[in-house]
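Engineer: Sequence:
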Amino acid sequence: MIKVAIVGASGYAGGELVRLLSKHQDVTLTHLYVSANSADAGARIDSLYGSVCNQCDLVLEPLSLEQASAVTDADCDVVFLATDHKVSHDLAPIFIDNGIVVIDLSGAFRISDLNQFSKFYGFEFGAKQRDLMVERVYGLVDWVKQKDLQQARLIAMPGCYPTASELALKPLTAASLLDESMPPVINAVSGVSGAGRKAKLSNSFCEVSLNAYGLFTHRHLIEIEEYVGTKVIFNPHLGDFKRGILATITARLRPHVSDEALEQAYTHAYPQNSVGSKEHSALAWEKQSLVRLKHGTIKLHDVQNLPFCDISYVREGDYIVISSAIDNLLKGAASQAIEAMNLHFGLPRARSLL
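If you count by full-length UniProt numbering, then the sequence shown holds residues 1 to 354, one letter each, in order.
Simulated from the structure, these hints should not be mistaken for lab results.
Note that this is a predicted model, so its numbers are computed, not measured.
Be aware that a few hints might be false.
Below, computed lysine to aspartate or glutamate pairings styled on EDC-like, alpha-carbon distance capped at 16 Å [to be verified]:
| no. | residue 1 | residue 2 |
| --- | --- | --- |
| 1 | Lys128 | Asp90 |
| 2 | Lys231 | Glu180 |
| 3 | Lys86 | Glu124 |
| 4 | Lys170 | Glu226 |
| 5 | Lys23 | Asp46 |
| 6 | Lys3 | Asp26 |
| 7 | Lys170 | Glu180 |
| 8 | Lys128 | Glu180 |
| 9 | Lys3 | Asp75 |
| 10 | Lys128 | Asp97 |
| 11 | Lys3 | Asp77 |
| 12 | Lys242 | Glu180 |
| 13 | Lys23 | Asp57 |
Start from the sequences and build out the full structure, keeping to the hints where you can.
Structural biologist: In C-alpha cells, the structure reads:
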C-alpha cells in the first residue's frame, strides 16, 4: 500500500484529495495536516466535508516547519501539498530530504524562469529550492513521459487555468499548426472555488458578478506561455458559480492547414478518446487519457465533479475557436495530481477517479 499524507487537507482541493484517495484501493491515508495556526486544527475531516463520511475520520494535525522535519518515509511515501505557494516552497525540500515524494498543487515550482517568478509570486527562491527546479517534473500528465513521472521526487502540478488552456492548445503547437504572428486569445471563466476556501470579500458568493480580472498581469499567463510554447493573450474571468472552468480560445492557423491535419493533431494527442468513441466504462478509462474530444458545444455541467477535460473546436478558414472545460478542483487540481501519483507508482492513471 502507498502511504499518503496531505498538507492543506481542509481546503477545497485538499478535501477533494481526501475524498478520492479514501476510496483508492492502493492507498492508505496516514496523516492530514493543516497550518499550525489553522482554526481547523484538531477537527476531524468528516466534520468539514460530508463527502468523506464513513470513508475517512482522520484528525487534522497542525504542522509547522519544525514538525515537518520529523515526518519521514516511515510516515508516508508521498505527500500532497495543497498549500499556499510560499508554504509549498518552504516544505517541499524538507519532505524530499526525508525521502518522501512531493506532489505540489501550488504554483511554487511551476515556472522555470525564476526572474519572472518573483514578479508574479512575490518572493524569492531559496538555494535548496533552486536546486530542486533542475529535477522537478511539470505534471501536465497528458504531455509528460511516464518514466519522468516515475523517477520524479518533485512533481509540480499545473494551475487550473493552464490545464484547460494547455490541453486545448498543445496539440496545435506540437504539430506546428498555429500562425504565431497572432497570439491565441484565451477567454476563461472560473468558479469562485478557484480562489480557495479562505473567506474574502472579493470571492464572497453574494458579491461575485461575472467580471474579468488580472488582464496582462495574471500569474498563469507565463505558465501557459512556457508550456504551450507561444505567446498568448490571457483574459481570466470570475463567474458566479462554485466550480469549473470554461476556456474559449481564438487562434489563427498556418495557411493551408487541412481539416484532416487538424483532426489528426488532436486524435494523435488524445487517441483513445477520439470522436466517435463509445467506450465509457470506468474500466475502459483505467489506461486512457481523461481528455474527451467532442463535437458541438462544450458544457461546464458535463465536467463538474468529474476528472475529465472536454475539448471541441470549430474552424472558419484559417481561424479556429477551441472550447475546453474542466472542473477546477479536479482535473485542475486534485484528480490530475492523483493521476500523477498513479503514474509515478505504475498504477492505472484513473485509479480511484471514476
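Engineer: Give a verdict on every hint.
Structural biologist: Each hint, compared with the structure:
{"no.": "1", "hint": "Lys128 with Asp90", "result": "holds (9 Å)"}
{"no.": "2", "hint": "Lys231 with Glu180", "result": "holds (8 Å)"}
{"no.": "3", "hint": "Lys86 with Glu124", "result": "holds (10 Å)"}
{"no.": "4", "hint": "Lys170 with Glu226", "result": "holds (11 Å)"}
{"no.": "5", "hint": "Lys23 with Asp46", "result": "holds (14 Å)"}
{"no.": "6", "hint": "Lys3 with Asp26", "result": "holds (9 Å)"}
{"no.": "7", "hint": "Lys170 with Glu180", "result": "holds (13 Å)"}
{"no.": "8", "hint": "Lys128 with Glu180", "result": "violated (37 Å)"}
{"no.": "9", "hint": "Lys3 with Asp75", "result": "holds (7 Å)"}
{"no.": "10", "hint": "Lys128 with Asp97", "result": "holds (10 Å)"}
{"no.": "11", "hint": "Lys3 with Asp77", "result": "holds (5 Å)"}
{"no.": "12", "hint": "Lys242 with Glu180", "result": "violated (35 Å)"}
{"no.": "13", "hint": "Lys23 with Asp57", "result": "holds (13 Å)"}
Comparing the model with each numbered hint stated earlier shows that hints 8, 12 do not hold.
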